[in-house]
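S.K.: For reference, the chains in residue letters:
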Amino acid sequence: MRVAILEDSVLLRSGLAAALRAADVDVVLETGSSDELLAGFENARPDVVLLDIRLPPDYSDEGIVIAERLRAQDPKVGLLVLSVVAESAYAMRLLDGGSSGVGYLLKDSLLDIPSLVSALTRVMAGECVIEPTLIDGLIKKRRSIQSAHGLTEREAEVLRLLAEGFSNAGIAERTGLSRKTVEVHLVNIFGKLRIPTDADINRRVTAAMTWLRSTDS
Amino acid sequence: MRAFRTLRGYPYAMARTSRNWVDKSRLIKAGRPTAAGWTVTALATAVTATAAAMLWPRQPALSVLTAFSIVTLLAWIIILTAGLRAATAAADTVRATFDRTVAHMIKARKKDSQRRKRYVHDIAAHDVIIVGYSLDNAMELVDASSEVYAELKQTREAVTEAIKSLREFLADEYPGTLDSMGLRAAVQSLVDRLPIQVAVDIPDRRFPPDVEFNAYLIISGALSNVLKHAEAQTTTVRVTADAGAMSISVVDNGKGGADSNGEGLMELQLRAAELHGELKIHSPIGVGTTLEATLPCV
Numbered sequence: 001m002r003v004a005i006l007e008d009s010v011l012l013r014s015g016l017a018a019a020l021r022a023a024d025v026d027v028v029l030e031t032g033s034s035d036e037l038l039a040g041f042e043n044a045r046p047d048v049v050l051l052d053i054r055l056p057p058d059y060s061d062e063g064i065v066i067a068e069r070l071r072a073q074d075p076k077v078g079l080l081v082l083s084v085v086a087e088s089a090y091a092m093r094l095l096d097g098g099s100s101g102v103g104y105l106l107k108d109s110l111l112d113i114p115s116l117v118s119a120l121t122r123v124m125a126g127e128c129v130i131e132p133t134l135i136d137g138l139i140k141k142r143r144s145i146q147s148a149h150g151l152t153e154r155e156a157e158v159l160r161l162l163a164e165g166f167s168n169a170g171i172a173e174r175t176g177l178s179r180k181t182v183e184v185h186l187v188n189i190f191g192k193l194r195i196p197t198d199a200d201i202n203r204r205v206t207a208a209m210t211w212l213r214s215t216d217s
Numbered sequence: 001m002r003a004f005r006t007l008r009g010y011p012y013a014m015a016r017t018s019r020n021w022v023d024k025s026r027l028i029k030a031g032r033p034t035a036a037g038w039t040v041t042a043l044a045t046a047v048t049a050t051a052a053a054m055l056w057p058r059q060p061a062l063s064v065l066t067a068f069s070i071v072t073l074l075a076w077i078i079i080l081t082a083g084l085r086a087a088t089a090a091a092d093t094v095r096a097t098f099d100r101t102v103a104h105m106i107k108a109r110k111k112d113s114q115r116r117k118r119y120v121h122d123i124a125a126h127d128v129i130i131v132g133y134s135l136d137n138a139m140e141l142v143d144a145s146s147e148v149y150a151e152l153k154q155t156r157e158a159v160t161e162a163i164k165s166l167r168e169f170l171a172d173e174y175p176g177t178l179d180s181m182g183l184r185a186a187v188q189s190l191v192d193r194l195p196i197q198v199a200v201d202i203p204d205r206r207f208p209p210d211v212e213f214n215a216y217l218i219i220s221g222a223l224s225n226v227l228k229h230a231e232a233q234t235t236t237v238r239v240t241a242d243a244g245a246m247s248i249s250v251v252d253n254g255k256g257g258a259d260s261n262g263e264g265l266m267e268l269q270l271r272a273a274e275l276h277g278e279l280k281i282h283s284p285i286g287v288g289t290t291l292e293a294t295l296p297c298v
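Quick mapping for you: the protein sequence lines, in order, are chains A and B. Numbering-wise, the first sequence is residues 1 to 217 according to our numbering. Numbering-wise, the second sequence is residues 1 to 298 according to our numbering.
Think of the hints as simulated: they come from the structure by calculation, not from any bench. There may be inaccurate statements among the hints.
Calculated cross-link-like contacts (lysine-lysine; reagent style BS3-like; alpha-carbon spacing at most 27 Å) [unchecked claim]:
{"hint": "1", "chain 1": "B", "residue 1": "K107", "chain 2": "A", "residue 2": "K141"}
{"hint": "2", "chain 1": "A", "residue 1": "K141", "chain 2": "B", "residue 2": "K255"}
{"hint": "3", "chain 1": "A", "residue 1": "K140", "chain 2": "A", "residue 2": "K192"}
{"hint": "4", "chain 1": "B", "residue 1": "K110", "chain 2": "B", "residue 2": "K164"}
{"hint": "5", "chain 1": "B", "residue 1": "K153", "chain 2": "B", "residue 2": "K111"}
{"hint": "6", "chain 1": "B", "residue 1": "K255", "chain 2": "B", "residue 2": "K228"}
{"hint": "7", "chain 1": "A", "residue 1": "K140", "chain 2": "B", "residue 2": "K164"}
{"hint": "8", "chain 1": "B", "residue 1": "K228", "chain 2": "A", "residue 2": "K141"}
{"hint": "9", "chain 1": "B", "residue 1": "K228", "chain 2": "B", "residue 2": "K110"}
{"hint": "10", "chain 1": "B", "residue 1": "K255", "chain 2": "A", "residue 2": "K140"}
{"hint": "11", "chain 1": "A", "residue 1": "K192", "chain 2": "A", "residue 2": "K141"}
{"hint": "12", "chain 1": "A", "residue 1": "K140", "chain 2": "B", "residue 2": "K107"}
{"hint": "13", "chain 1": "B", "residue 1": "K280", "chain 2": "B", "residue 2": "K107"}
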């Protein structure tokens, strides 16, 4: 897997690159300048670009803008955007541009290299990765007003993994259920959430997130 | 006579009290009677003099008294209007200075928040992550069963906690989403991080930056109070904008009894007052709390 890193802090950038290389990831481009990344992007041909949301000059949300520009340049490149605070509006904005091969995680994930590599792999495979703690918070709240419509424990678990961006196979693996069972649960969940059952994997992430963020019952 | 002197000195008294802020000469000019005022006075004096002259042969005392009274009355009218003009000019200047100061203050508030964010997010948090990497490397170099390894592992866990603490600190700072995506996105993102159920009804449009910032501070302050004290089932944040004013309401069905003289609420009232708005709170015990604010000029 070829990864490009866009991160302003020099020490962090080199520490991260070293840690990824130690985990057998090919870091093909590492820079703190968005111009340098956009310029070197074609030559480096990364599978995934890992970038901080806060970059110079303003340190506000340049990362999302760069992600959108990279996607315009190459729709197939994976994008994993990191942020210290989970802002669901940024996650939705990233998903708006198409949730395939896009991820939004907390910077904490830099501390857990194996899990970061796994997220990078999923993004490279065209999946979507949404920060679990963000989903967790939303699900907990939603369930407290959900009792009338009754999502079962199992269905809530499946919904959580769906909102985090996992494919049916990924959900099956993490819950220990068979794929068939997962599919059955999904049909029930889609019915309760009123998501059309033919929604492709990535549109369903957006639909799940939208449902989780709303407070209508 | 003393009253006459006081009135006459009125515009100059205004200049004296506003000494630090107001251009005295400008104020005095504003207080000076206008050309029209002088013309009216001259005409009236001429009329009075003529009337007095006509009366003089028959009733000298009466004519003098009439002339004197009318001239005094006119003088008072001119001085009062001059004083009023001066007071209005002074009030306008004070208000303009206030607005300028507030704009500067809001800008400084935002800059300070962004500076703190930059330090914590881009420097401190990164340093902490680098410490984590060093610990990972160190753990690779020692025997996993050794005491050293156990110590390193504990330290490594502390690093994860440190990042969480830094994140909690940052959550109160100026949100990145406010500048780029507006009030609704910022409030929705805030609400999505809170462990309480909050319905958000905010129009998807932009407002002037200072209004958005203060509105965000009011809403996040109100929600922080709900989180800390209210024990509410449902909370609703509603923003509407019409007739050049933004109305904010944060309603919860918790236990009520909020202290409107409390420091937290006074802070929120200041946020409204800065922009010439108002904030009030209605919090009957056992029923819930309604916080309402208006911010003009949207």
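S.K.: Would the pair K141 of chain A and K255 of chain B pass a check requiring their Cα atoms to be no farther apart than 27 Å?
M.R.: It holds: about 20 Å lies between the C-alpha atoms, which stays within 27 Å.
S.K.: Given the hint that K228 of chain B pairs with K110 of chain B, does the C-alpha gap stay at or below 27 Å?
M.R.: 25 Å, holds
S.K.: Check the hint pairing K110 of chain B with K164 of chain B against an upper bound of 27 Å on the C-alpha distance.
M.R.: Between K110 of chain B and K164 of chain B the Cα gap is close to 23 Å, so the pair holds against 27 Å.
S.K.: Quick one, are K140 of chain A and K192 of chain A close enough, alpha carbons at most 27 Å?
M.R.: Judged against 27 Å, a Cα distance of about 17 Å means the pair holds.
S.K.: K255 of chain B and K140 of chain A: Cα distance at most 27 Å?
M.R.: Roughly 23 Å between the alpha carbons, so the hint for K255 of chain B and K140 of chain A holds.
S.K.: Below or equal to 27 Å on CA atoms is what counts here, so check K153 of chain B against K111 of chain B.
M.R.: 38 Å, violated
S.K.: For a C-alpha distance cap of 27 Å, please report whether K192 of chain A and K141 of chain A respect it.
M.R.: 17 Å, holds
S.K.: Hint check: K228 of chain B vs K141 of chain A, CA-CA at most 27 Å. Holds or violated?
M.R.: Holds - the C-alpha atoms of K141 of chain A and K228 of chain B are around 17 Å apart, at most 27 Å.
S.K.: Is it true that the CA of K255 of chain B sits at most 27 Å from the CA of K228 of chain B?
M.R.: 12 Å, holds
S.K.: Under the criterion that the straight-line Cα-Cα distance not exceed 27 Å, is the pair K107 of chain B, K141 of chain A satisfied?
M.R.: 35 Å, violated
S.K.: Between K280 of chain B and K107 of chain B, is the straight-line Cα distance small enough, at 27 Å or below?
M.R.: Distance of about 25 Å is within 27 Å: holds.
S.K.: So if I understand the rule, the pair passes when the alpha-carbon distance is 27 Å or less; does K140 of chain A with K107 of chain B pass?
M.R.: Outside the cut-off at roughly 37 Å; violated.
Violated hints for the displayed structure, listed by number in ascending order: 1, 5, 12.
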